[in-house]
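One-letter residues, chain by chain:
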Amino acid sequence: MSLILLEDISKIYRVGDQEIRALDGVSLRVEEGEFVSIIGPSGSGKSTLMHLLGCLDTPTSGRMEVCGNDLSHASQDELAIVRNREIGFVFQSFNLLSRLDVVSNVELPLIYGGVPAAARRARARQAATDVGLGDRLSNRPAQLSGGQCQRVAIARALVNNPRIIFGDEPTGNLDSETGNMILRVFEDLNAAGKTIILVTHDPAIAARSQRIIEIRDGHIVRGQQP
Amino acid sequence: MSFLVAFQIGLREILSHKFRSFLSMLGIVLGVSSLIATMALTRGIEEGTRVFMQQLGGLELVSVVGKEPSRLMYDFANLSPGRTVRDAVAIRRSAGLISHVSPEIAFTTVVARENGGGAERRSVRGVYADHFVIGMHEIAHGRFLTPLDGEMGTRCAVIGSTIASELWPETPPTDIVGRIILIGGSPFQIVGLLTRYEREEDALARRARKPLQSRRWDPFRSKNQSVLIPFSTMFHEFRSGAFPEDSMDSLRLDVLALRVGDLNHFRAALEQVRAVLDTTHRGVDDFDLETREDWFDRVESSVRAARLSGGLISAISLIVGGIGIMNIMLASISERVREIGIRLAVGARPRDIFWQILVESMLISLIGGMLGILASLGLIEILKLISPTENIPILTAGSIVFSVAFAVVAGLMSGLYPATKASRLNPISALRYE
Chain A
1 MSLILLEDIS KIYRVGDQEI RALDGVSLRV EEGEFVSIIG PSGSGKSTLM
51 HLLGCLDTPT SGRMEVCGND LSHASQDELA IVRNREIGFV FQSFNLLSRL
101 DVVSNVELPL IYGGVPAAAR RARARQAATD VGLGDRLSNR PAQLSGGQCQ
151 RVAIARALVN NPRIIFGDEP TGNLDSETGN MILRVFEDLN AAGKTIILVT
201 HDPAIAARSQ RIIEIRDGHI VRGQQP
Chain B
1 MSFLVAFQIG LREILSHKFR SFLSMLGIVL GVSSLIATMA LTRGIEEGTR
51 VFMQQLGGLE LVSVVGKEPS RLMYDFANLS PGRTVRDAVA IRRSAGLISH
101 VSPEIAFTTV VARENGGGAE RRSVRGVYAD HFVIGMHEIA HGRFLTPLDG
151 EMGTRCAVIG STIASELWPE TPPTDIVGRI ILIGGSPFQI VGLLTRYERE
201 EDALARRARK PLQSRRWDPF RSKNQSVLIP FSTMFHEFRS GAFPEDSMDS
251 LRLDVLALRV GDLNHFRAAL EQVRAVLDTT HRGVDDFDLE TREDWFDRVE
301 SSVRAARLSG GLISAISLIV GGIGIMNIML ASISERVREI GIRLAVGARP
351 RDIFWQILVE SMLISLIGGM LGILASLGLI EILKLISPTE NIPILTAGSI
401 VFSVAFAVVA GLMSGLYPAT KASRLNPISA LRYE
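Which chain is which? The protein sequence lines are A and B, in order.
The first sequence maps to residues 1 to 226 in the working numbering.
The second sequence maps to residues 1 to 434 in the working numbering.
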């Protein structure tokens with residue numbers, strides 16, 4: 001069974017009395033353990049697809065399953081639970097909480113997963129150490145470099161041990177060397193069995209994935225099937 | 001997400017904006033402190049009144065007072081002998097629910113030492129032995145007048161502490177008993193000295209050897225100036241002879257005070273007295289029964305009014321404080337849209353965000369309430385200093401709990417809207433928010 005299954009998905013936004021079909025009858029499968037990238041020009045529906053795959057939104061019509069959960073008509077609460085358990089996000093702009101130190105940032109998903117405090121701290125510390133930030137545990141994001149911030153974000157994405165790691169232009173704010181390092185982390189995670197979905201506009205980055213999904217004008221034009 | 005986590009997040013948020021948090025608490029601080037102070041103040045007035053009332057005879061005391069008969073009875077008014085000793089005797093005999101009856105006649109005459117020194121016109125009262133109970137008297141030295149004194153018409157007197165210290169300023173109170181006093185020229189032996197009646201704060205001031213604050217009205221003045229002699233002695237010595245047909249029984253009384261034996265049968269006791277007096281007054285309604293209850297009710301309703309208005313003002317300031325919190329919370333969530341987006345992205349449910357904001361605003365009001373308690377302690381100390389009456393404010397645990405609970409409820413109410421607003425944020429747009 002596919003880890004992610006989209007069947008004839010449409011997403012329609014209404015702006016005034018104008019209808020915008022951001023996604024128009026899209027079908028897509030992603031299997032467990034895959035490393036896929038999604039490319040497409042802006043306005044192609046790439047972001048909308050990303051939001052659906054990341055369980056941040058529900059489709060207007062069609063069937064959507066993520067990790068065995070039918071989310072076609074899911075409520076915000078159901079989406080939140082799937083996000084919390086199955087998906088780790090790594091954003092272009094890191095999206096760390098500036099007032100919290102590294103450990104507190106990393107433990108955030110565990111708080112909403114209902115993990116008891118002591119276990120939470122231990123797991124967060126472990127996850128941060130795993131990405132090479134063992135000596136930065138009580139630093140705040142402002143005291144870290146971009147690469148380190150992105151590692152914190154990766155540690156946060158991994159701390160709940162999700163099946164899917166989602167990268168939204170994760171190297172966009174980094175120099176090429178640091179970006180390369182982060183990409184290698186993703187490759188290592190993939191080798192360890194995680195499903196990786198990268199959203200990017202950089203063909204060179206996309207080329208490092210096993211499958212490129214290209215989207216144009218609300219339709220997937222390449223890489224629909226594994 | 002557990003309550004504890006929301007609590008920690010809220011506390012961290014409050015601590016990271018100390019000054020802003022303090023400003024948003026200020027309304028609550030003022031509201032809680034003024035509410036507690038108002039309640040302490042009215043409680044003090046209530047307590048002061050209660051103690052005062054008890055010292056003056058308590059609720060059990062009933063006075064029979066004279067009044068104009070109604071128009072219907074006007075032509076028959078002369079049939080009634082008025083309030084006389086007969087009334088007292090009849091009440092004692094027939095009104096079983098009345099435990100003590102004290103008829104009194106007061107008159108003014110010269111009171112002096114045995115050698116005629118210190119002569120001054122003073123109020124002297126002829127009383128029955130029951131007066132000791134009804135007037136809530138306490139004997140410091142010697143004894144009170146007894147029924148035997150009344151029967152024998154002995155020339156003995158019980159005097160108040162002010163009289164004693166004015167007549168014999170140098171003599172210790174123990175030596176007063178046994179001395180001779182001239183009342184209207186006739187010698188009386190002092191058999192008892194009453195306790196010095198004073199308010200607690202005056203007693204404290206006296207013990208601390210501070211000057212007494214004479215500007216204050218002293219409710220015990222007349223009690224301390226008592227000169228009490230047996231009723232019968234008073235009659236034979238000062239009232240008989242002018243009109244030979246006068247008998248002691250038909251003497252018109254100045255005061256006819258009664259004490260109800262059991263407050264549970266207060267109404268029934270009043271009915272008994274009324275029935276007896278209707279007979280002795282031959283149906284003329286030239287008397288009325290005055291109870292402390294009416295007075296107590298009046299005091300109580302004015303205390304209630306004071307409490308209500310003070311409470312209302314405090315409640316308004318608490319509500320204003322709540323609105324202040326709401327303002328700050330609204331400003332703070334629009335500052336934290338991105339944070340909320342991040343929390344949503346990592347799996348916070350809308351209700352988690354809702355609770356986080358709600359707990360934070362409750363926490364602000366709770367801390368404000370705690371500060372308010374501290375402020376109220378200071379406020380009450382100031383009130384104690386400037387309070388012009390004996391009604392010292394009394395701080396009760398109940399008022400503290402009530403005020404803080406009110407503050408937390410105000411915080412809860414004011415957090416509802418911001419919390420709802422925050423929890424409805426869309427994760428996608430919240431994450432994009434700059």
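Calculated directly from the structure, the hints in this document are not laboratory data.
Take these hints with a grain of salt, some might be off.
Label-pair distances were calculated between CB atoms; the ranges are [unchecked claim]: (1) A:Gly114 x B:Glu434: 52 to 62 angstroms; (2) A:Ser75 x B:Leu15: 29 to 39 angstroms; (3) A:Ser27 x B:Val409: 19 to 29 angstroms; (4) B:Asn327 x A:Arg216: 45 to 55 angstroms; (5) A:Asp70 x B:Ala315: 31 to 41 angstroms; (6) B:His17 x A:Gln143: 15 to 25 angstroms.
Owing to the predicted nature of the structure, the values given are computational and were not obtained by experimental measurement.
Where a beta carbon is used, it is the ideal one built from N, C-alpha and C, also for glycine.
Hint check results:
1. The supplied range of 52 to 62 angstroms is broken by A:Gly114 and B:Glu434, whose beta-carbon atoms lie about 32 angstroms from each other.
2. In this structure the supplied range 29 to 39 angstroms holds for A:Ser75 paired with B:Leu15, their Cβ-Cβ distance being about 34 angstroms.
3. Between A:Ser27 and B:Val409 the CB atoms are about 53 angstroms apart, so this pair departs from the stated range of 19 to 29 angstroms.
4. Distance hint check: the CB atoms of B:Asn327 and A:Arg216 are about 48 angstroms apart, consistent with the given range 45 to 55 angstroms.
5. Checked against the given bound of 31 to 41 angstroms, the beta carbons of A:Asp70 and B:Ala315, roughly 51 angstroms apart, lie outside it.
6. Separation of B:His17 from A:Gln143 is about 21 angstroms and conforms to the stated range, judged on CB atoms against 15 to 25 angstroms.
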